[in-house]
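Undergrad: Take a look at the letters that make up each chain.
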Amino acid sequence: EVQLVESGGGLVQPGASLKLSCVASGFTFSDYWMSWVRQTPGKTMEWIGDIKYDGSYTNYAPSLKNRFTISRDNAKSTLYLQMSNVRSEDTATYYCTRGDYGYNYFDYWGQGVMVTVSS
Amino acid sequence: QITLTQQAESLWVSPGEKVSITCRASQSLLYTDGKHYLSWYQQRPGQTTKALIYHASIRTDGVPTRFIGSGSGTEFTLSIEDVQPEDIALYYCLQTLKKPWTFGGGTKLELK
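As given, the protein sequences belong to chains E and Y, one line each in that order. Heads up, the first sequence is in this note's numbering, so the first residue is 1470 and it goes up one at a time. Heads up, the second sequence is in this note's numbering, so the first residue is 123 and it goes up one at a time.
Hints listed in this document are in silico derivations from the structure and should not be mistaken for laboratory results. Fair warning: there could be bad hints in the mix.
A short list of chain E residues far from chain Y (calculated; beta carbon distances all over 12 Å) [as the list claims (entries may be wrong)]: (1) S1490; (2) V1492; (3) S1504; (4) D1519; (5) P1531.
Have a look at the derived ranges for each label pair, beta carbon to beta carbon [unchecked claim]: (6) E:Q1551 <-> Y:G195: 35 to 45 Å; (7) Y:K221 <-> E:E1470: 23 to 33 Å; (8) E:A1544 <-> Y:W134: 24 to 34 Å.
These figures come from a predicted structure and were not determined experimentally. Note that CB positions come from ideal geometry on N, CA and C, so glycine has one too.
Looking at chain Y on its own, in the form it has when it is part of the complex (with noise of 0.2 Å):
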């Protein structure tokens, strides 16, 4: 199976500054298609689990443009520009390429 790899359990930010969350994966997530089948999931105590960004870099409905996933091959970011209070929570990156999905193990972002 496919291994996601967040090198950071914890990344510690102050509001306004941009913090960046990496995931590797232990085999290229490219699709023939010409996607990166790599997702990131923002979860924030007390509320539902909410995707962010797929196909590496494309954010859903209602997401932030301060949130920027980037990379391709086996190597992704998710970046957050001007980091509000509220984007304190914890991050997953996830690949839907081959089953078994896997899930990195997560960064939990937090503030100074």
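Just chain E, same shape as in the assembly (with noise of 0.2 Å):
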């Protein structure tokens, strides 16, 4: 069975640097790009981005590239998140999900973990 389990979420405060983790388990880690994906308060859904399945390439969405870093040990089925300078406005659950093995769609997500800016 498929399963994705994102931990390191919280309060952090404003300017302050977190990061995530997902830890997969039931398929092989190294063989899927594997995304971010966060949901705000308000519902709206929002790609981070994603890295390859080796680790050798990652994507960004352009209004978060330069605060936020994916990375991934395939040795420990892991992917992770670093966030930094957080803002109010990056306050929402954050997803682990897995591209299909075409890279078509999202086939599996994880339960997510909320991170909360606040002062």
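Taking the hints as your guide, dock the two standalone chains into a single complex.
TA: If you want it as structure tokens, here you go:
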């Protein structure tokens, strides 16, 4: 059974940094593109970016690429999202998603982890 | 970037009825391989987000046949025939033709 379990969220002050993790199981992690997606309290969904199966290539939403970094450790089947200089508008639930084998869509999602940016 | 518009923020439906959720793209989602890179997702409280449809009309494994994806070019529809109580959820469309991938604003299906 495919499982994606995010962790690392919580309350963080504006300007701080935070690193989210997503542990994958039930499939060969190193075979798949992975993405981070976030959902605001108003339910707007936003794709943050993705990383190639071997970690050699990343893409980001233009508005986030200067502050967010996606990485992965295939030996640990873990995806990461490093968030820096966070702002109140980064308050959201963050989801880890898997691209299907042809990367046509997101075939699995994690349950999400909440990040609240507030002083 | 490609904008996806789901006109209806909410739709009200009674069990057994048919409902259609539309998603309009700012440009064609048809790729040179003849496929449309548009997918649909269901988000129910307390459950992980579920992929329903990809390539505009292909149901993912295990999705009931009452979920029907249709459309082409820039106009797409997710229809749910014979709505069941468990279909009450948030529905999103997503384009994966051109990065940044983008979502529609979501449509909340509610019971009358």
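Undergrad: Mind listing which of the numbered hints don't hold for this structure, in increasing order?
TA: 3, 4, 5 and 8
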